[in-house]
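Enquirer: In the order they appear, the protein sequences are chains A and B.
Sequential numbering of the first sequence, starting at 1064, is according to the numbering used here.
Sequential numbering of the second sequence, starting at 1064, is according to the numbering used here.
Incorrect hints may have been included.
Since the list can't tell identical chains apart, any single copy or any two copies may satisfy a pair.
Stated by the list, open to error - Below are the SDA-like pairs computed for lysine to any residue, each with C-alpha atoms no more than 20 Å apart in a straight line:
#1 K1491 - R1431
#2 K1188 - S1092
#3 K1491 - P1326
#4 K1445 - P1122
#5 K1491 - L1304
#6 K1101 - G1193
Just so you know, the hints here were simulated from the structure itself, not pulled from any lab data.
There are 2 protein chains.
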Amino acid sequence: MLSVNPGRAVRVGLVGLGNVGSGALSILSGNAGQIEAKLGFPLRVHSVCSRSVAGKELPAGVDAVRRTADWRDVVNDPEVDIVCELIGGTGVAREVIDAAIGAGKSVVTANKELMALHGADIWEKAIAAGINLAMEASVAGGIPIHTVLREGISGDRIQALFGILNGTSNYILTAIERHGSAFETVLAEAQRLGYAEADPSADIDGLDARSKLALLSALAFGERIAPSDIYTEGIRRLTPLDFQYAHQLGYTIRLLCAARQTPEGLLLSVRPALIPRDTILAGVQGAYNAIWVRGEYGADTFYYGRGAGPHPTGVAVVSDLMRVAREIRNGSPERVSPFAHARLGAYRPIPITLQRRAWYLRFRVHDRPGIIAALAGILAGKKVSLDAVLQLPSDTKEDLPFVITLETTCEADLRDAVEQMAALDFLKEPPLALPMETSL
Amino acid sequence: MLSVNPGRAVRVGLVGLGNVGSGALSILSGNAGQIEAKLGFPLRVHSVCSRSVAGKELPAGVDAVRRTADWRDVVNDPEVDIVCELIGGTGVAREVIDAAIGAGKSVVTANKELMALHGADIWEKAIAAGINLAMEASVAGGIPIHTVLREGISGDRIQALFGILNGTSNYILTAIERHGSAFETVLAEAQRLGYAEADPSADIDGLDARSKLALLSALAFGERIAPSDIYTEGIRRLTPLDFQYAHQLGYTIRLLCAARQTPEGLLLSVRPALIPRDTILAGVQGAYNAIWVRGEYGADTFYYGRGAGPHPTGVAVVSDLMRVAREIRNGSPERVSPFAHARLGAYRPIPITLQRRAWYLRFRVHDRPGIIAALAGILAGKKVSLDAVLQLPSDTKEDLPFVITLETTCEADLRDAVEQMAALDFLKEPPLALPMETSL
């Protein structure tokens, strides 16, 4: 029974031996027996490519593979069935994938940035060439969200998708929440532990999460969505006090990726937001990722796991290799791009300023009489209704924090009001405005 | 671009028009445009079968289908490509599936009970006949857990799987927890609202959850697992007090389906258990289902959604139909049974009494001196270490509740001790023993 499809193995060429490449390689080696039992035929690593491949120690069982420092050796090798691109970035990686498709090889990639920017075009080429393409590892490494969207819930019509897609910022936010430490302190600690990069901007300014949301939204809503279409705001301004105020209101704060269909179009944003503490999304702690999908028929489903790491992302790569290998052996069902724009698309991205939400406004002021009256006057001028004013005990009148929450208000009006407030001389800094996700 | 695989539609014959059948039908009709856009070809309902089909009102768009009260008309119709079995049960449903396979039709089923009992055999027949089989809707309707295990994380080696797989008991338990009402009161309310059946036994005694765990464990661990292999205990004995004590300890209580690989073998159980309140599993409220998978490489992933309901389960059925339709049109990758026993199996189910856990023991006694001494004496005799004694304020000495927690103890020793305790005359009822899932 071991091999119901007897014959030669399907052969993989791995390009890139960084974290993900090494993780995938150790799974392909350590789990080879179970992989063969599940497939009915062996999946073999035929060659590996990395600039420093000569000195690399490879796991037992893959030590007989061909090693090269030139990716062309992998792509042009007639023995290789699947090229696995694990370099990352949009330069050489693109060349590798284009060349592999040109050579009639199937491709597995973990490249979020490239697929977010050029995935639709790459997919069209792959279909035209009759090869298979898979990219499960490109978003939320440990969570099989591509498989879920492509197959598991493909019969549904997606209405909204929410995600916590950057592990570093979630680690930082939940550490601020738990320990009450300042953002800078937590960031330094995260850098020391290797959770954050020396230049943390891609993570804490929301750019990494933005690429992921662009890719997932393109798959979920059938739109050609560029990362630059997405309103993006990072987490640098959040303080322990914001979590205290949020808790008082029954909320917590997360860097929330959100994509929603509305009658006017698709609303896309990556920004810190208040989310109710009793939702399952609020339970996502530390470096974990999560995705919440709301379907017209299937209602809410939720997916959670590690967002990164050699082994969780390696599982995604290896599972993709298994699927593509099965398709190579038994016939290929992928004849339609998962980037379904121009086929599903009834929605276009619309400006975030059109959205209507409840708001959390946090102020830091030099205390003096008349502050609330001045702020309330500006809000009233924009016909914005104030919901509550909240002030926790504080030591100083020189830097007094407090919070105003607003009833549902169009973001354009909110921004006008915040801009007007910035001129008030009692403010220590411009107000921090966060949407409140009351409907999650 | 609409049809990259031009040609005739793939045609479906639906057998069974109950809740799930009607739900699937309304999605196939209401979402037909998007389904065709995703597939590249139309998926059509060709015939429907139900005993009362003559009088049924069908959704717009499927009113021209062939109606019959005899399932043989569907199975023998040369125009039907996929037979969709939505009758349930192990009698006629089995005949329908066997006949469909015999006639060379592919099969989609939502039948948990049948697939838990005979899935492995049915799958072998399907492979021998060269047809496709899919059963996403059979467990946890709204959660695409089959797709996840079969494809999304197929490269991993599963170490443990935990689930909340019965929506009715979870609804009841979370209502007891939230409102402090008695089990009987909440059950009656659930019956009134249609969440629980007139005969609630299958749900509240764990039998429904047991079938689901048998099926998921067979897929995850590669074992031929019969539902009767699984130690099963229902939720009838739980009281609001148990939740109060559990909260004091930092836990909540859920009907937990658990499958764990141990060096000795596979431990399987469906039973109420204490789970830490700060885990994401504890956040599963009401009629929702959830599955937590622990992989050797991918670590923890978690999947959550509606467990039942015409539309969530309908999404699973329709997504399966789409996958099978794609395979029929483009080649079939399913040549290996997902019931991988005899291929993966290194583990056999072992008796639950071999497991070692921490325990929660709840007593109801006539208060008098010497009670703790008597209980502690029995525990000491079994070399069981007492961890804590907990007693919340109480009105009466006639029916006094309290809790003892035990350090990690073999279940066989725990049961011996509980049996000895049952003879003590101060007990109002035998002690309630629940495992504490400290490692979740």
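Enquirer: Work down the list of hints and note, for each, if the structure agrees.
Expert: Against the structure, the hints come out as follows:
1. K1491 - R1431: Only inside one copy: K1491 and R1431 sit 13 Å apart there, 65 Å across copies, limit 20 Å.
2. K1188 - S1092: Neither way: K1188 and S1092 sit 31 Å apart in one copy and 32 Å across, limit 20 Å.
3. K1491 - P1326: Close neither inside one copy (39 Å) nor across copies (61 Å); limit 20 Å.
4. K1445 - P1122: neither (64 Å within a copy, 47 Å between copies)
5. K1491 - L1304: Classified as within; 15 Å inside a copy, 51 Å across copies.
6. K1101 - G1193: between (25 Å within a copy, 18 Å between copies)
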